[in-house]
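Q: Here is what each chain is made of, one letter per residue.
Protein chains: 4
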Amino acid sequence: MRPVIDLNADVGEGFGRWTLGDDDALLDVVTSANVACGFHAGDPSIMRRVCARAVERGVRIGAQVGYRDLAGFGRREIDVGPVDLAADVLYQLGALHACATAAGGEVAYLRPHGALYNRVVWADAQAAAVVEAARAFDDSLPVLGLPDSALLRHAVRVGLPTVLEAFADRGYRADGTLVPRSEPGAVLTDEAEVTARVIRMVRERLVIADDGSDLWLSPRSICLHGDTPGAAELARRTRQALQDNGVRVEAFA
Amino acid sequence: MRPVIDLNADVGEGFGRWTLGDDDALLDVVTSANVACGFHAGDPSIMRRVCARAVERGVRIGAQVGYRDLAGFGRREIDVGPVDLAADVLYQLGALHACATAAGGEVAYLRPHGALYNRVVWADAQAAAVVEAARAFDDSLPVLGLPDSALLRHAVRVGLPTVLEAFADRGYRADGTLVPRSEPGAVLTDEAEVTARVIRMVRERLVIADDGSDLWLSPRSICLHGDTPGAAELARRTRQALQDNGVRVEAFA
Amino acid sequence: MRPVIDLNADVGEGFGRWTLGDDDALLDVVTSANVACGFHAGDPSIMRRVCARAVERGVRIGAQVGYRDLAGFGRREIDVGPVDLAADVLYQLGALHACATAAGGEVAYLRPHGALYNRVVWADAQAAAVVEAARAFDDSLPVLGLPDSALLRHAVRVGLPTVLEAFADRGYRADGTLVPRSEPGAVLTDEAEVTARVIRMVRERLVIADDGSDLWLSPRSICLHGDTPGAAELARRTRQALQDNGVRVEAFA
Amino acid sequence: MRPVIDLNADVGEGFGRWTLGDDDALLDVVTSANVACGFHAGDPSIMRRVCARAVERGVRIGAQVGYRDLAGFGRREIDVGPVDLAADVLYQLGALHACATAAGGEVAYLRPHGALYNRVVWADAQAAAVVEAARAFDDSLPVLGLPDSALLRHAVRVGLPTVLEAFADRGYRADGTLVPRSEPGAVLTDEAEVTARVIRMVRERLVIADDGSDLWLSPRSICLHGDTPGAAELARRTRQALQDNGVRVEAFA
Numbered sequence: 020m021r022p023v024i025d026l027n028a029d030v031g032e033g034f035g036r037w038t039l040g041d042d043d044a045l046l047d048v049v050t051s052a053n054v055a056c057g058f059h060a061g062d063p064s065i066m067r068r069v070c071a072r073a074v075e076r077g078v079r080i081g082a083q084v085g086y087r088d089l090a091g092f093g094r095r096e097i098d099v100g101p102v103d104l105a106a107d108v109l110y111q112l113g114a115l116h117a118c119a120t121a122a123g124g125e126v127a128y129l130r131p132h133g134a135l136y137n138r139v140v141w142a143d144a145q146a147a148a149v150v151e152a153a154r155a156f157d158d159s160l161p162v163l164g165l166p167d168s169a170l171l172r173h174a175v176r177v178g179l180p181t182v183l184e185a186f187a188d189r190g191y192r193a194d195g196t197l198v199p200r201s202e203p204g205a206v207l208t209d210e211a212e213v214t215a216r217v218i219r220m221v222r223e224r225l226v227i228a229d230d231g232s233d234l235w236l237s238p239r240s241i242c243l244h245g246d247t248p249g250a251a252e253l254a255r256r257t258r259q260a261l262q263d264n265g266v267r268v269e270a271f272a
Numbered sequence: 020m021r022p023v024i025d026l027n028a029d030v031g032e033g034f035g036r037w038t039l040g041d042d043d044a045l046l047d048v049v050t051s052a053n054v055a056c057g058f059h060a061g062d063p064s065i066m067r068r069v070c071a072r073a074v075e076r077g078v079r080i081g082a083q084v085g086y087r088d089l090a091g092f093g094r095r096e097i098d099v100g101p102v103d104l105a106a107d108v109l110y111q112l113g114a115l116h117a118c119a120t121a122a123g124g125e126v127a128y129l130r131p132h133g134a135l136y137n138r139v140v141w142a143d144a145q146a147a148a149v150v151e152a153a154r155a156f157d158d159s160l161p162v163l164g165l166p167d168s169a170l171l172r173h174a175v176r177v178g179l180p181t182v183l184e185a186f187a188d189r190g191y192r193a194d195g196t197l198v199p200r201s202e203p204g205a206v207l208t209d210e211a212e213v214t215a216r217v218i219r220m221v222r223e224r225l226v227i228a229d230d231g232s233d234l235w236l237s238p239r240s241i242c243l244h245g246d247t248p249g250a251a252e253l254a255r256r257t258r259q260a261l262q263d264n265g266v267r268v269e270a271f272a
Numbered sequence: 020m021r022p023v024i025d026l027n028a029d030v031g032e033g034f035g036r037w038t039l040g041d042d043d044a045l046l047d048v049v050t051s052a053n054v055a056c057g058f059h060a061g062d063p064s065i066m067r068r069v070c071a072r073a074v075e076r077g078v079r080i081g082a083q084v085g086y087r088d089l090a091g092f093g094r095r096e097i098d099v100g101p102v103d104l105a106a107d108v109l110y111q112l113g114a115l116h117a118c119a120t121a122a123g124g125e126v127a128y129l130r131p132h133g134a135l136y137n138r139v140v141w142a143d144a145q146a147a148a149v150v151e152a153a154r155a156f157d158d159s160l161p162v163l164g165l166p167d168s169a170l171l172r173h174a175v176r177v178g179l180p181t182v183l184e185a186f187a188d189r190g191y192r193a194d195g196t197l198v199p200r201s202e203p204g205a206v207l208t209d210e211a212e213v214t215a216r217v218i219r220m221v222r223e224r225l226v227i228a229d230d231g232s233d234l235w236l237s238p239r240s241i242c243l244h245g246d247t248p249g250a251a252e253l254a255r256r257t258r259q260a261l262q263d264n265g266v267r268v269e270a271f272a
Numbered sequence: 020m021r022p023v024i025d026l027n028a029d030v031g032e033g034f035g036r037w038t039l040g041d042d043d044a045l046l047d048v049v050t051s052a053n054v055a056c057g058f059h060a061g062d063p064s065i066m067r068r069v070c071a072r073a074v075e076r077g078v079r080i081g082a083q084v085g086y087r088d089l090a091g092f093g094r095r096e097i098d099v100g101p102v103d104l105a106a107d108v109l110y111q112l113g114a115l116h117a118c119a120t121a122a123g124g125e126v127a128y129l130r131p132h133g134a135l136y137n138r139v140v141w142a143d144a145q146a147a148a149v150v151e152a153a154r155a156f157d158d159s160l161p162v163l164g165l166p167d168s169a170l171l172r173h174a175v176r177v178g179l180p181t182v183l184e185a186f187a188d189r190g191y192r193a194d195g196t197l198v199p200r201s202e203p204g205a206v207l208t209d210e211a212e213v214t215a216r217v218i219r220m221v222r223e224r225l226v227i228a229d230d231g232s233d234l235w236l237s238p239r240s241i242c243l244h245g246d247t248p249g250a251a252e253l254a255r256r257t258r259q260a261l262q263d264n265g266v267r268v269e270a271f272a
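Protein chains in written order, with the numbering used here: chain A, 20 to 272; chain B, 20 to 272; chain C, 20 to 272; chain D, 20 to 272.
For the record, the hints were derived by calculation from the structure and aren't laboratory data.
Among the clues, some could well be false.
[To be verified] Part of the chain D face toward chain A, derived, beta carbon under 8 Å:
| hint | residue |
| --- | --- |
| 1 | Phe34 |
| 2 | Gly35 |
| 3 | Arg36 |
| 4 | Trp37 |
| 5 | Leu39 |
| 6 | Asp62 |
| 7 | Leu89 |
| 8 | Ala90 |
| 9 | Gly91 |
| 10 | Trp235 |
[Unchecked claim] Covered by chain D, according to a simulated footprint, are these stretches of chain B (three or more residues, beta-carbon under 8 Å):
| hint | segment |
| --- | --- |
| 11 | 87-93 |
| 12 | 97-109 |
We treat Cβ as the ideally placed atom computed from N, Cα and C, and that holds for glycine.
Using the sequences plus the hints, can you model the full thing?
A: Take a look at the structure:
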């Protein structure tokens, strides 16, 4: 039986006059598009356009929810209380839902962005708030996240489907956490290395950690980055390499 | 057969730390609540709370959509292009939809707010944009607005149900337009006069215009104002007067 | 020699259509007005109006700087980096400077608001950032804050004047920190108790802590709260009680 | 006597994570930098950085003030009332003043942006509001704008210096107004044509209008555009062509 993997990337991260990344090129590669919902990036016009293009290509639409922080692009942790956070997430889900259904699609999953992504790895109250919003929106909405995160634990607790992801170009520690961006080895840029790692993650469910040991992973989705120069091209080659190595690239939702 | 009328008012118009009007008192009186959707007023937490209370009381939830202008409370006309305006309205509809359905309700109608309300009385491009968004969201969504407005004409054109409203406390001209707020007679404050006018509007479908002539109206809903001191009490008495005069107060949607 | 004290309070904390507190009543009582600068509350029109009224009454204008978070009223801690935070604070100082000088006044001091106030009590990087901005704006700008805070330490380090404040209605612990708002005894509401405490703070430089011990304080300013019902009246009586007890009420700057 | 001209361009028009144009390249060419002040583009960190680089290069700093509309990049006309508009402009002037003076510079002039620029060509109330703010900020602040505009008329009325500008790459009508962007001939892209026009504008004070007639202009500054691909290079060549033709390139303020 052929192994199967989903490829996800962030899209729709411009705002008004400002653009970021090459959405069209990424949408030609990925099977799942994390669409920014307007709180940290994205605006209603961009959301409609990206949803329409995702639907045209058969790409699944996910809600890239974040803190209310356009000035910080959602990358600054905010001590928002759980009731407000849940409301903020629900609001974003609904806004994207309207854009997606107007384009003939739907919101197929949720994936937090930036500082919220990192915070709900460990912070129970915020993780529970995100999950409460997801469940209130759709009690069978898949949640895409980091293995062993508080987010996925809370999703399991309330019966939401969970989807594990791995990062194509990030260094791992032996305990499964990511090498922080402030340290060497956090981000891999060599194309051959990245594609080889991704193929091994998917076929053997192993990745080499920064101490040289092998780490077991079991991703159903691989996160590709889209906002660096050459990112779309690297994403395209990663997909090609997976297919050349007998991997079926297919959305999870 | 008893005449029937809906009573609508704006609610949920606070933002964060700031409150406006007495939502709970108004929700005890109206049959339809125009809930602000976060672009000119309202925030996700307020929207969830107001939706929950509306559902508890059996009050219908409408989308009070407006320009993206918190600083101006949506009261300043903005030359937003039709594509962006439609996307902004769709986004707001979706956001409210998520809050309403999470509370066990639904978005039952759309009513523009403030400067957008006034603009779509005459401006075809913006009226068409609002209607496009409403139809994209739900192709049977009722649109509540001013008789003879471009908004309702466009709604009719695409097959959306339209609902006519009249204003309890605003002066009318003989041609059916409102006396501008900058002129005397724009706003009526005498309780007996307001309730008498409302009863006559509903029972006889007539209101006296500012030139003394009788004007024919055919409202299915009466708009009550909620953000002035004593507004909720005036609303309560208006409802009581209607019921005392044999009028059935009932939502249109 | 008569003891002297400044009274400060937050003013100008509305936004657009929304108001908060009774600015005019507070400006009749305080000697220093902490004017919100538009990032967490306040807008340019409010700032001009409040500055004009402060100048009319001889009240000193201080910059109530905060996180960029209107939705959270600046009460949510944000992990903004020091370079961005310093720029945000400098921007707010300049904006208020223009409003104050246009009214014939000036920015006489800086006082952080809300979550930023609490954070710079202990967080060196953010405290240093606020101080860098203050110094870049005016290298003799007084900084008003909590005794023993990182904020005042950094201000001293770069040669800015520091001004110590005490709270009229907050409970203290024996170590000089405030009783957290989540605990009993955090906020005092009995008028007689509040005024007696304030008089003792100013005349004897002592306040009773929550364990019954006496705590030494040396405030040059007392912070009065303005956004609760009856706040302006309590402020007025506190000022009267101070004057009746031989204290001179006078701004520090 | 050698003719003299200033070259101005918009800079600092990014926001947070988003960038726009090549500020560094433009700052190497222009003598006056119109720095966005945070209401339609720009943020405090960008403003500080751009001001520092302008000061290093001896480029004069101007306040590029606009409507409060990040989502629309200040390109949508807003019916903001004159009191609020004046306050918004004063706030922006003060914010930039703090950034400029912290960098060792100053705000040397004001130039409205986008829809506000176009509106104050004809709208008296908004033009008077912008001028009121400029005067309140600094009663000798030069105002840069379109000849015959309401803006400059009001500036003259209150005694502010006015500076006339012409556009390097925009088509003109015989009456001196610009060909609207929606019409052919609105924007010129041929480098040789653009530089030849600019040299003629400066040396002969003439430009050919779209009906073939000669139009008299008297610019003290030429506006170069910076946000299109190749814009900085075209700006550089325009400056070079001016200097090669005996024109002194020098700021007006």
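Q: Now tell me if each hint is right for this structure.
A: Evaluation of the provided hints:
For Phe34/D, the interface hint holds, the least distance from its beta-carbon to any beta-carbon of chain A being 6 Å, beneath 8 Å. Below 8 Å, beta-carbon pairs count as interface contacts, and Gly35/D has one with chain A at about 5 Å; its hint therefore holds. Taking 8 Å as the C-beta cut-off, the interface hint given for Arg36/D holds, the closest approach to chain A being about 4 Å. A cut of 8 Å between beta carbons decides the hint on Trp37/D: the least distance to chain A is about 3 Å, and the hint holds.
At a threshold of 8 Å, the smallest CB-CB gap from Leu39/D to chain A is about 6 Å, leaving the interface hint in force. Hint status for Asp62/D: holds, given a least beta-carbon distance of 6 Å to chain A, under 8 Å. Checking Leu89/D against chain A: minimum C-beta separation of about 6 Å stays under 8 Å; hint holds. Checking Ala90/D against chain A by beta carbon gives a least distance of about 5 Å; that is within 8 Å, so the hint holds.
Checking Gly91/D against chain A: minimum C-beta separation of about 6 Å stays under 8 Å; hint holds. A least Cβ separation of about 34 Å between Trp235/D and chain A goes past the 8 Å threshold, and the interface hint is therefore violated. Remark: the segment 87-93 of chain B is confirmed as covered by chain D, as 4 of its residues place a Cβ nearer than 8 Å to a Cβ of that chain, reaching the required three. Figure legend: the segment 97-109 of chain B, annotated as covered by chain D; annotation consistent (5 residues with Cβ-Cβ distances under 8 Å, at least 3 required).
Comparing the model with each earlier hint shows a violation of hint 10 alone; every other hint is respected.
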